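J.: Add chains X and G to chain L, keeping to what the hints say.
Respectively, the protein sequence lines represent chains L, X and G. So the mapping is simple: my numbering equals the position in the first sequence, first residue as 1, plus 18. So the mapping is simple: my numbering equals the position in the second sequence, first residue as 1, plus 156. So the mapping is simple: my numbering equals the position in the third sequence, first residue as 1, plus 159.
Take the hints with a grain of salt, since some may be wrong.
[Unchecked claim] Distance condition first, Cα-Cα at most 30 Å in a straight line; then the derived DSSO-like pairs of lysine-lysine:
1) LYS156(L) <-> LYS462(X)
2) LYS444(X) <-> LYS156(L)
3) LYS231(L) <-> LYS462(X)
4) LYS218(L) <-> LYS462(X)
5) LYS331(X) <-> LYS93(L)
6) LYS156(L) <-> LYS176(G)
7) LYS218(G) <-> LYS186(X)
8) LYS218(G) <-> LYS261(X)
9) LYS218(G) <-> LYS170(X)
10) LYS313(X) <-> LYS173(X)
11) LYS218(G) <-> LYS180(X)
12) LYS313(X) <-> LYS150(L)
13) LYS147(L) <-> LYS218(G)
14) LYS176(G) <-> LYS462(X)
15) LYS150(L) <-> LYS253(G)
16) LYS176(G) <-> LYS313(X)
17) LYS372(X) <-> LYS388(X)
18) LYS337(X) <-> LYS384(X)
19) LYS418(X) <-> LYS436(X)
20) LYS93(L) <-> LYS337(X)
21) LYS147(L) <-> LYS444(X)
22) LYS331(X) <-> LYS83(L)
23) LYS376(X) <-> LYS313(X)
24) LYS186(X) <-> LYS263(X)
[What the hints assert, rightly or not] Derived DEER-like restraints, expressed as beta-carbon distance ranges:
25) LYS147(L) <-> PRO357(X): 31 to 37 Å
26) ASP236(L) <-> LYS462(X): 31 to 37 Å
27) HIS183(G) <-> LYS436(X): 35 to 41 Å
28) ARG220(X) <-> ASN224(G): 49 to 55 Å
No wet-lab data here; the hints were simulated from the structure. Here the structure is a predicted model, which is why all the values come from computation and not from measurement. For glycine and all other residues, C-beta sits at the position ideal for the given N, C-alpha and C.
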Amino acid sequence: MTKQEALFRYLLRLGDNALIQSYRLSEWCSRGPILEEDLAMTNISLDYLGRTRALYQYAAIVEGKERTEDDLAYKRPEIQYYNNLITELPIGNFAFTIARQLLISVFEFLHYTQLSQSKDETIAAITAKTLKEIRYHKVHSRDWCYRLGRGTEVSHTKLQQAFDEAWMYTGELFEMCEEDQILMADGVANNLEALLPAWKEEVSRILADSDIKVPNVDYMQTGSRKGIHSENLGHILSEMQYLPRAYPDAIW
Amino acid sequence: MMDQTILETTFQDKIDKDLNIEPKDQMPEKYRIHLIRQISQHAHSEVIGMQPEGNWITRAPSLRAKQILLAKIQDEGGHGLYLYSAAETLGISREELIEQLHSGKAKYSNIFNYPTLNWADIGAVGWLVDGAAIVNQVSLQRTSYGPYARAMVRICKEESFHQRQGYEIMANMMKGTEDQKAMAQDAMNRWWWPSLMMFGPHDSDSPHSGNAFLWKIKRKSNDELRQKFIDKTVQQAEVIGLTIPDPDLKWNEAKQCYDHGKINWEEFTRVINGNGPCNKQRMDHHIKYHEEGAWVREAAAAYQQKINEFNS
Amino acid sequence: MSNDTQLDLWEVFIQNKAGGNHTHAGSVHASDRQMALQNARDIYTRRNEGSSIWVIPSKYVTASNPEDADMLFDPSTDKMYRHPTFYVIPEGAKQI
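So that you can see chain L by itself, here it is in the shape it has in the complex:
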């Protein structure tokens, strides 16, 4: 693939991760365990949505076919989506959402810290701006890990279960393929595999402080780099893309 194609695909991956995360978090609206937490989660959802828009807008420019951010969000089918599988899993109970958020936010902080040094100025600018909010998401989910992990037996069990279930989706976060290699050579993207030790160390520490055992899995789920997803994404896109697809001539 060309450098331009690589960059486009990479930006889609970043944007898709943000969009699907935002989507899942927004499902907590009016469903939170306490009103303050309802607001906290929609707040994080909004952060992700802002990030989505910045990334898609740049992606559209890079693609050079005059598509818009909305074209990218609402007109691509599942096989052209590159979000990690972990983002599309259902919200589950509050423990699952928190566990998932923690795993992702620790990764994002490491990833985006590197990207903020990207030779691509736009990527550097977008990612530098998001570091503050990623840190906030990380602290939020970390603190809830402490509360749930050490709170009651019920919450402890649920949190352990949540990490046990999510763990097999974490390997995929660090997968690299052709676009990563091309972009890395130019200093635009970073080495994801190299982030694994730091991620493991930080997550292990937080889990230990939450009285949670680090799960052991035999196999890491995979597929999203090729656009092969779980059944979840189909349902997300049917719902999300409904209006523009039902009314293709309409501008909203």
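T.: Relative to the frame of chain L, chains X and G by itself:
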């Protein structure tokens, strides 16, 4: 211990002088009860209102629309929080307030017992429902109870974008395809009359307003506020080409305001008594997620005990 | 249900700009300090108000009793020297 009459005189004196009553001030029990009911119902309305609007977050037709809608609903949740805080200064806990909501002892605004059926409903809710709420809330900024007034000032500052968001959605749809125009007019047809009902019964049918006015909890009458809303909204509808579903709507040159058709108070009563399209759904939803969240709240409280930050 | 609460009530004070006073913004519910700070930030600084937040459990706030206002806040006329308008300043004197 001060004499009851002296206490009430000092209290009424403050009211008459347009001074705020604050949480630690002496106040008649009836005033306290009235406020708890009014403020908490206002809070409940904001929270229940998150449901019909939340219904379209996942289907918002553009990223920008999604962002704006999410921000708006977040604001609403925040308003609920400000109001619960204000109510709590009157000596009632949020646990009790939620229990009152679940038992039906406390009500929430009738308007949220209606469904959001198409994207234009989100426009109608922002434009008409928030529009009506703004008319009411602006007036409440001068309500006598300090914490309530201050919450209203904060809310009013944040409310202005809500109405614009709704109106913009309607305006865009009215400039769009035939399908979009039909959706917008359909939403208008369904939300207009319930929005008028938000201001409550006609003044002549409001038996409990006496004290509300005497104690300056209420500053303007239902009909006054309703008229204000109609007069500003009709013009906005005309600008974008929407028809108000009221054949009796007519400009009254002498009174310099709009005459309007009869409100269907039978519908109002029916919905407020539980037989609206969404009453059960709204309450079931709130109860369900409250119960499902119990283990989370318990965990947080247990953790708080364990870390004992204040050594108490 | 006896362990199920809406957590504790905390009071929130926001400093809008560096060097200004922290003013009371309202309350939030939270179980611990970290949650109280984050909730306060989410609810009271959505429009970028604030550079600093203070939170305190409501039960630790001590408030003066309005009935004691006379005693505490007597605008006694015999302490006029505390007010800047009490003094006659020669014309032309600057920065005073």
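J.: Checking against the hints above, which ones are violated?
T.: Hint check: 13, 14, 15, 21, 25 fail, others pass.
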